[in-house]
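A.B. asks: Listed below are the residues making up each chain.
There are 2 protein chains.
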Amino acid sequence: MDETPGAVGTTASLSLRLGQALFSSASLLFMSVGVEFYSYTAFCFLVTIMGLVIPWSATLAIIDLYSIIAGCPLRLPGVMVIVVVGDWVLSILSLAAACSTASVVDLLVHFDGSYCPAKFCGRYQLSAAMAFLSWFLTAASSLFNLWLVASW
Amino acid sequence: MDETPGAVGTTASLSLRLGQALFSSASLLFMSVGVEFYSYTAFCFLVTIMGLVIPWSATLAIIDLYSIIAGCPLRLPGVMVIVVVGDWVLSILSLAAACSTASVVDLLVHFDGSYCPAKFCGRYQLSAAMAFLSWFLTAASSLFNLWLVASW
Chain R
1 MDETPGAVGT TASLSLRLGQ ALFSSASLLF MSVGVEFYSY TAFCFLVTIM GLVIPWSATL
61 AIIDLYSIIA GCPLRLPGVM VIVVVGDWVL SILSLAAACS TASVVDLLVH FDGSYCPAKF
121 CGRYQLSAAM AFLSWFLTAA SSLFNLWLVA SW
Chain P
153 MDETPGAVGT TASLSLRLGQ ALFSSASLLF MSVGVEFYSY TAFCFLVTIM GLVIPWSATL
213 AIIDLYSIIA GCPLRLPGVM VIVVVGDWVL SILSLAAACS TASVVDLLVH FDGSYCPAKF
273 CGRYQLSAAM AFLSWFLTAA SSLFNLWLVA SW
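Residue numbers (the numbering used here), protein chains in the order written: chain R, 1 to 152; chain P, 153 to 304.
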C-alpha cells in the first residue's frame with residue numbers, strides 16, 4: 001500500500017498494534033490476578049502503564065483496520081504527530097516499567113525467599129517479560145511512524 | 153551551520169555529548185566510589201552501561217569538536233547510521249539501567265533500613281538521577297541524528 005512498512009494504515013501496523021494490546025493485557029493479567037502487586041511501587045507503575053498501553057493500542061488497531069478496509073490511510077500531519085509522540089512516550093514508559101519490575105523481581109528472588117513465594121515470583125517474571133515484548137512492539141511502531149513523518 | 157540542530161558536527165551536538173559524558177561519569181562515580189555496588193545486579197548493570205556511555209560520548213565529542221574547528225561536518229551515510237544505531241542502543245540501555253537502579257533503591261529504602269544505610273542510599277539515588285539525565289541527553293542526540301538521516 002505504501003513505501004514505508006509499519007506506518008499507520010498498513011497491515012504491518014495492524015499486526016504491531018494487536019501484538020502490543022495482547023502482550024500488555026497479558027502483562028497486566030499476570031501481575032494483577034490473585035497477586036498482591038500494590039505493595040511494591042514498581043509493580044503499581046507497571047499496572048498503570050499497561051493500563052494506558054492497552055486502550056492506546058486498541059484504538060490505533062481500530063484506526064488501522066478502518067484504513068485497510070476503506071483503502072485510504074488516515075495520515076493527516078497533526079494526527080501523525082500525535083501518534084508518534086504518544087507511541088514515543090508510551091514506549092519509554094513501558095520500558096521503564098518493565099525494567100523496574102524485572103530488577104525488583106530479581107532482588108526479591110535473591111533475598112531469602114520469604115518476600116516472594118515461588119508461584120508469585122514466576123508470575124511477576126512472566127509479567128515483566130510480557131511488558132518487554134510490549135515495549136519492543138511499541139518502539140517499532142514509533143520508529144516506523146517517526147521515519148514516515150521525518151521523510152515527508 | 154545547518155538546518156538540523158543537534159546533528160553531528162554542530163555546537164549543540166557538542167554540548168549534548170559533553171553533558172552525556174559529564175552525567176554518566178557522575179553516575180559511575182556516585183555508584184562506585186566507596187560503595188559496595190557489586191552485591192546487586194541492577195547496580196552492576198548501571199556501572200557497565202555508564203562505562204560504555206562515557207567513551208562513546210567522549211569520542212563523539214572529539215569528532216564534533218574537530219568538525220566545528222575544521223568547518224566541515226563529518227556526515228558520511230555509513231558513519232551516521234553507526235552513530236544513530238549506537239546512540240539508540242545506548243539510550244535504551246541507560247534508561248533500563250537508570251530505572252532498574254531507581255526501583256531497587258526505592259525497594260531498599262522501604263525495607264527496614266538494614267539493607268541500605270542512609271549515606272549509601274543517598275549516593276545510589278544521586279547515581280540513578282545522573283543516569284536519567286545522561287539517558288535524556290543521549291535520547292536527544294539520537295533523535296536529532298535520526299531526524300537528519302530520515303530527512304535525507
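Any given hint could turn out to be false.
[Claimed, not checked] Only some residues are given here: those of chain P computed to face chain R with a beta carbon under 8 angstroms: (1) T163; (2) S167; (3) S184; (4) E188; (5) Y192; (6) A194; (7) C196; (8) L204; (9) P207; (10) A210; (11) I244; (12) L247; (13) F272; (14) Q277; (15) L278.
To be clear, the hints were calculated from the coordinates, so they are not data collected in a lab. Backbone N, C-alpha and C fix where the C-beta goes; we use that ideal spot for every residue, glycine too.
A.B. asks: Hint by hint, note whether the structure agrees.
C.D. replies: Evaluated hints:
A hinted interface residue such as T163 of chain P counts as satisfied when its beta carbon comes closer than 8 angstroms to some beta carbon of chain R; here the least separation is about 22 angstroms, so the hint is violated. Annotation: interface hint on S167 of chain P violated; nearest CB of chain R at approximately 22 angstroms, more than 8 angstroms. With 8 angstroms as the threshold, the beta carbon of S184 of chain P stays out of range of chain R, its nearest partner Cβ sitting at about 18 angstroms, so the hint is violated. About 15 angstroms separates the beta-carbon of E188 of chain P from the nearest beta-carbon of chain R, more than 8 angstroms, and the hint is not met.
With 8 angstroms as the threshold, the beta carbon of Y192 of chain P comes within range of chain R, its nearest partner Cβ sitting at about 7 angstroms, so the hint holds. The restraint placing A194 of chain P at the interface with chain R holds, with a minimum CB-CB distance near 4 angstroms, inside the 8 angstroms limit. Taking 8 angstroms as the C-beta contact cut-off toward chain R, the hint placing C196 of chain P at the interface is violated, the least distance being around 11 angstroms. A cut of 8 angstroms between beta carbons decides the hint on L204 of chain P: the least distance to chain R is about 17 angstroms, and the hint is violated.
Nearest Cβ of chain R to the Cβ of P207 of chain P: about 23 angstroms, over the 8 angstroms cut. The hint is violated. Nearest Cβ of chain R to the Cβ of A210 of chain P: about 25 angstroms, over the 8 angstroms cut. The hint is violated. At about 7 angstroms, the closest approach between the beta carbon of I244 of chain P and any beta carbon in chain R falls short of 8 angstroms, and the interface hint on this residue holds. The beta carbon of L247 of chain P is positioned within 8 angstroms of a beta carbon in chain R (closest approach about 6 angstroms), and the interface hint is therefore held.
Below 8 angstroms, beta-carbon pairs count as interface contacts, and F272 of chain P has none with chain R, the closest being about 15 angstroms; its hint is therefore violated. A least Cβ separation of about 14 angstroms between Q277 of chain P and chain R goes past the 8 angstroms threshold, and the interface hint is therefore violated. With a least beta-carbon distance of about 18 angstroms to chain R, the hint placing L278 of chain P at the interface is violated under the 8 angstroms criterion.
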